[in-house]
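Whole structure, please, built from the sequences with the hints as guidance.
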Amino acid sequence: MSIDLRSLRAFGAAILLGVTIIGATGCGDDPAPAPPPARYAPITVFNAVTDIGNSAISFKIGSTLLTANALFGTPVVAGNALVGTGTEVEAFAGGGSSLGKSTVGIDTNKSVWIIAAGAAIGAGNSAVFGVSNDEPTPPPGKVLVRVIHASNNAPELDARLDDAFGTQLATGLVFKESGAFVSIPLATTKISFTNTGVNTELLLFSIDTPLVADKVYNLVIFGSTDVNAAADRKLQAKMLLEPA
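The sequence shown begins at 104 in the numbering used here and counts up by one.
In the BS3-like style, the derived pairs of lysine-lysine whose C-alpha atoms are separated by at most 27 Å in a straight line are:
no.	residue 1	residue 2
1	Lys-318	Lys-341
2	Lys-279	Lys-204
3	Lys-163	Lys-279
4	Lys-337	Lys-204
5	Lys-341	Lys-293
6	Lys-318	Lys-245
7	Lys-245	Lys-213
8	Lys-279	Lys-341
9	Lys-163	Lys-204
10	Lys-341	Lys-213
11	Lys-163	Lys-341
12	Lys-279	Lys-213
13	Lys-318	Lys-293
14	Lys-163	Lys-213
15	Lys-245	Lys-341
Because the hints were derived from the structure by calculation, they are not lab data.
What follows is the structure in structure tokens.
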């Protein structure tokens with residue numbers, strides 16, 4: 104029996120071509136790239152509700168509890184929240200009644216504070232809001248300060264260094280609003296809060312703890328302007344260090 108060499112060569116070439124095609128196809132089936140890792144941002148909450156005594160309030164972001172132990176006038180670093188836009192936050196009084204809710208954008212390069220303020224008793228007297236600002240680096244030897252207006256019955260405010268006629272720190276802030284981070288001298292000891300446009304001083308805040316160079320602070324004005332408010336719930340301010 105004779106062997107046709109030309110047929111044998113053709114058969115071998117066909118097998119080799121098939122292997123090559125299969126191999127090439129297999130090499131192209133790379134797995135899909137992994138999704139980018141989830142990003143989280145730190146959240147600070149602040150209780151400025153004036154009429155629930157010393158009861159703590161709770162904050163939720165979506166269905167996740169941030170904290171159940173936010174006392175009046177004391178910031179709580181409440182952990183990390185998933186970065187994204189349109190995130191709903193809500194605060195609750197001790198009995199579980201809602202103090203209000205808000206939608207807050209969260210990003211890793213921003214300072215995000217969630218604040219409950221106003222009076223819990225009476226519909227519409229309390230509010231929950233968020234402030235979110237870019238957090239730049241302080242100039243060497245100075246500090247950055249952001250003013251947050253968290254008093255529901257205080258008027259539109261200006262904040263100035265030293266006295267009612269000092270260097271402007273923030274202007275035209277209304278309830279639930281914050282100013283930008285502003286650089287101030289390390290030696291600053293007083294901040295004056297006045298009615299916007301008329302320079303009537305509402306509060307002269309003394310910085311009791313010396314500021315620390317190269318740090319970032321939040322100056323929160325909160326409490327009530329009501330003459331009948333309890334002494335520890337009257338209009339006041341706190342200079343609070345931004346969590347690292």
